Each structure stands twice: as structure tokens, then as C-alpha cells.
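Be aware that the sequence shown starts at 266, since it is given in this note's numbering, and climbs by one per residue.
Hints listed in this document are in silico derivations from the structure and should not be mistaken for laboratory results.
Just so it is clear, the structure is predicted and the values come from calculations on it, not from any experiment.
No residue lacks a Cβ here, since even glycine has one placed at the ideal position from N, Cα and C.
Possibly wrong hints are sitting among the right ones.
What follows is a list of derived Cβ distance ranges for each label pair [claimed, not checked]:
#, residue 1, residue 2, range
1, N279, E388, 27 to 37 Å
2, S332, L369, 13 to 23 Å
3, S283, K387, 33 to 43 Å
4, K387, H289, 32 to 42 Å
5, I284, D318, 38 to 48 Å
6, E388, F288, 35 to 45 Å
7, I321, I284, 26 to 36 Å
8, E358, K387, 19 to 29 Å
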Amino acid sequence: MYKYYAATKKDLENETFSIKYKFHIKYLLRHNGFLRIEDDGINLENFRFINYDDIIDVDIRNDKLLSSWKVGNQNRLLFLKSSKPIIIKLKDETIYLYVNWQFLTGLSDNKKILEIIKSKVKER
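Sequences are here, hints too, so could you generate the full structure?
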């Protein structure tokens with residue numbers, strides 16, 4: 266099981282910058298819980314279920330709404346390896362996601378989860 270932090274594109278568009286984003290990702294990505302990869306989709310506990318058939322695109326990258334530099338990663342020892350967010354584009358919205366984000370390093374399991382999601386979507 267994986268711990269996640271997530272927000273929709275609308276959530277991030279409505280946010281105004283706050284210094285607390287530099288301390289912990291949970292202040293910016295307010296949906297959190299446990300992520301489970303299931304046969305028919307991704308279960309984001311306490312937030313939503315994403316059916317693989319609804320995924321138009323999934324990638325890891327920084328963009329103007331969320332980047333590894335916006336959250337508390339750049340002051341960490343390993344900031345050059347800080348993780349970029351997973352961006353899941355759906356038919357009706359876009360979700361930004363960090364999985365197993367580590368407070369001390371700013372690193373995550375995003376690359377691992379991206380590969381799992383991509384393989385599940387490809388199977389469809």
C-alpha cells in the first residue's frame with residue numbers, strides 16, 4: 266500500500282501561494298490517504314477512484330501549476346533528485362499526485378507508480 270497526496274487542477278488553480286508549502290506537501294495537495302492499484306483502476310482512498318479507461322494521458326513532469334520546486338524539496342539534501350509530480354489527465358479533469366513522498370529527502374515513488382499505471386492502461 267502506498268501513501269499519496271493529490272490535488273485536482275482546479276484545486277491548484279484556486280490556491281494562492283503560501284510559505285507553508287515549503288514545509289510539507291500536504292498543505293498544497295490536500296487530498297491524502299492510501300493508494301491501491303486495482304485491476305480496473307486506481308483507488309485513492311478518501312478522494313476518488315480513477316478507472317483506467319478514463320485516463321487520457323499520464324506522465325511525470327513539472328508544469329506551471331505544480332513542480333518539484335514549488336513544494337518543500339529544494340531545501341533538502343537531495344534536491345537535485347527531487348521528484349516531479351505524476352500528472353493524470355482524465356476525460357473530465359487533471360489530477361496531480363505524489364506517492365510515498367518523503368519529508369526529509371523530497372523523494373517519492375512516483376516513477377515506480379507511473380510505470381505500473383502505464384502498464385495497466387496499456388493492457389486495456
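Results for each hint:
no.: 1; hint: N279 x E388: 27 to 37 Å; in the structure: holds (35 Å)
no.: 2; hint: S332 x L369: 13 to 23 Å; in the structure: holds (20 Å)
no.: 3; hint: S283 x K387: 33 to 43 Å; in the structure: holds (38 Å)
no.: 4; hint: K387 x H289: 32 to 42 Å; in the structure: holds (34 Å)
no.: 5; hint: I284 x D318: 38 to 48 Å; in the structure: holds (40 Å)
no.: 6; hint: E388 x F288: 35 to 45 Å; in the structure: holds (39 Å)
no.: 7; hint: I321 x I284: 26 to 36 Å; in the structure: holds (34 Å)
no.: 8; hint: E358 x K387: 19 to 29 Å; in the structure: holds (22 Å)
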